[in-house]
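Dock chain A against chain F, hints included.
So the protein lines, in turn, are chains F and A.
The numbers in my numbering rise by one with no breaks, and the one at position 14 of the first sequence is 688.
The numbers in my numbering rise by one with no breaks, and the one at position 90 of the second sequence is 103.
Bear in mind the hints are in silico, worked out from the structure with no lab data behind them.
Treat each hint with caution, since some may be false.
[Unchecked claim] The calculated BS3-like cross-link candidates involving lysine-lysine, where the alpha carbons are at most 25 Å apart (straight line), are:
#1 K782(F) with K744(F)
#2 K744(F) with K774(F)
#3 K24(A) with K70(A)
#4 K725(F) with K744(F)
#5 K725(F) with K774(F)
#6 K774(F) with K66(A)
#7 K774(F) with K83(A)
#8 K774(F) with K24(A)
#9 K66(A) with K83(A)
[As the list claims (entries may be wrong)] Covered, in the sense of this in silico footprint (three residues per stretch, anywhere, with C-beta under 8 Å from a C-beta of chain F), are these stretches of chain A:
#10 45 to 55
#11 112 to 124
[Said to hold, decoys possible] Some chain F residues close to chain A (C-beta under 10 Å, calculated; not the full set):
#12 L707
#13 G714
#14 V718
#15 L719
#16 G733
#17 D745
#18 Q766
#19 K774
#20 G778
#21 G780
For every residue, glycine included, the Cβ atom is placed at its ideal position computed from N, Cα and C.
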Amino acid sequence: GQQLNQSPQSMFIQEGEDVSMNCTSSSIFNTWLWYKQDPGEGPVLLIALYKAGELTSNGRLTAQFGITRKDSFLNISASIPSDVGIYFCAGQGPQGGSEKLVFGKGMKLTVNP
Amino acid sequence: DAGITQSPRHKVTETGTPVTLRCHQTENHRYMYWYRQDPGHGLRLIHYSYGVKDTDKGEVSDGYSVSRSKTEDFLLTLESATSSQTSVYFCAISERIQNIQYFGAGTRLSVL
Numbered sequence: 675g676q677q678l679n680q681s682p683q684s685m686f687i688q689e690g691e692d693v694s695m696n697c698t699s700s701s702i703f704n705t706w707l708w709y710k711q712d713p714g715e716g717p718v719l720l721i722a723l724y725k726a727g728e729l730t731s732n733g734r735l736t737a738q739f740g741i742t743r744k745d746s747f748l749n750i751s752a753s754i755p756s757d758v759g760i761y762f763c764a765g766q767g768p769q770g771g772s773e774k775l776v777f778g779k780g781m782k783l784t785v786n787p
Numbered sequence: 014d015a016g017i018t019q020s021p022r023h024k025v026t027e028t029g030t031p032v033t034l035r036c037h038q039t040e041n042h043r044y045m046y047w048y049r050q051d052p053g054h055g056l057r058l059i060h061y062s063y064g065v066k067d068t069d070k071g072e073v074s075d076g077y078s079v080s081r082s083k084t085e086d087f088l089l090t091l092e093s094a095t096s097s098q099t100s101v102y103f104c105a106i107s108e109r110i111q112n113i114q115y116f117g118a119g120t121r122l123s124v125l
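Okay, chain F solo, but in the shape it has when bound (with noise of 0.2 Å):
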């Protein structure tokens, strides 16, 4: 099946650094999603991207859709201690066959004030 590679793992930074995340995929995509999960709650959306070469930005966060439509970063300037949380991509196809959304591992964000 669909799979989507997202790195790093996981970040440690300090307040006040910017922060670049991607994912990528074998897969053409139609959508990128961006979302970040608190601790103990469900993901949130904060970034959607429906065009390749699409540039989003949403506050201190910008995302690109990948000209080749398999990949995708996020962009955090800035950091605040607020940002801590787990990011993860997400894409949608349709190359598969499949327009069910395929998750990215996640990407742990911790922010050192």
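Here is chain A on its own, set in the frame of chain F:
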């Protein structure tokens, strides 16, 4: 926040007992999903529903069954819980299968 309520939020049970988790939505979305989340595996789809009484299997459906008798409720049942089913379970909803999924707060299940 999307109107999704999962119950219970926490449950401890013994091996071999039946367990039912409930997901209730107030958004009238057609699609509902059950995922489990385990360290090193991320979110894995158990079952999903595309309408009342219409369900299909996900990638880790063995040992689980689901039912959807009303648009707003999607039940996940472990007929005979095993320790390997200790996990955090998330419900999600979407208007269409191509649409963004919104997640509930999760149910933490421990099978002893």
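Exercise. Measuring from the C-beta of L719(F) to each C-beta in chain A, is the shortest one below 10 Å?
Worked result: This hint holds: L719(F) lies near chain A, its Cβ roughly 6 Å from the closest one there, short of 10 Å.
For this session: Verify the interface restraint on G733(F): the C-beta must sit less than 10 Å from at least one C-beta of chain A.
Result: violated, 18 Å
Problem set entry | 25 Å Cα cutoff - pair K744(F), K774(F) | holds, 16 Å
For this session: Report holds or violated for the interface hint on K774(F), using the least CB-CB distance to chain A and a cut-off of 10 Å.
Result: Holds, because the Cβ-Cβ distance from K774(F) to chain A comes to roughly 6 Å (cut-off 10 Å).
Problem set entry | Within 8 Å of chain F (C-beta), three or more residues of the segment 112 to 124 of chain A | It holds, with 7 qualifying residues against the three required.
Problem set entry | G714(F) as chain A interface residue, shortest Cβ-Cβ below 10 Å | Because about 8 Å separates G714(F) from the closest Cβ in chain A, which is inside the 10 Å limit, the hint holds.
Exercise. Is the interface hint for G780(F) satisfied, with its Cβ closer than 10 Å to some Cβ of chain A?
Worked result: holds, 5 Å
Exercise. Under the criterion that the straight-line Cα-Cα distance not exceed 25 Å, is the pair K774(F), K83(A) satisfied?
Worked result: holds, 22 Å
Exercise. Are the Cα atoms of K725(F) and K744(F) separated by 25 Å or less?
Worked result: holds, 12 Å
Exercise. Straight-line Cα separation of K774(F) and K66(A) no greater than 25 Å?
Worked result: Since the Cα atoms of K774(F) and K66(A) sit roughly 19 Å apart, the hinted pair holds (cutoff 25 Å).
Exercise. Does the structure keep K725(F) and K774(F) at a Cα separation of 25 Å or less?
Worked result: Measuring from Cα to Cα gives roughly 18 Å; hence the hint holds.
Exercise. If you take the shortest Cβ to Cβ gap from V718(F) to chain A, is it below 10 Å?
Worked result: holds, 7 Å
Violated hints, listed in ascending order, are 8, 16, 17; each of the other numbered hints is respected by the structure.
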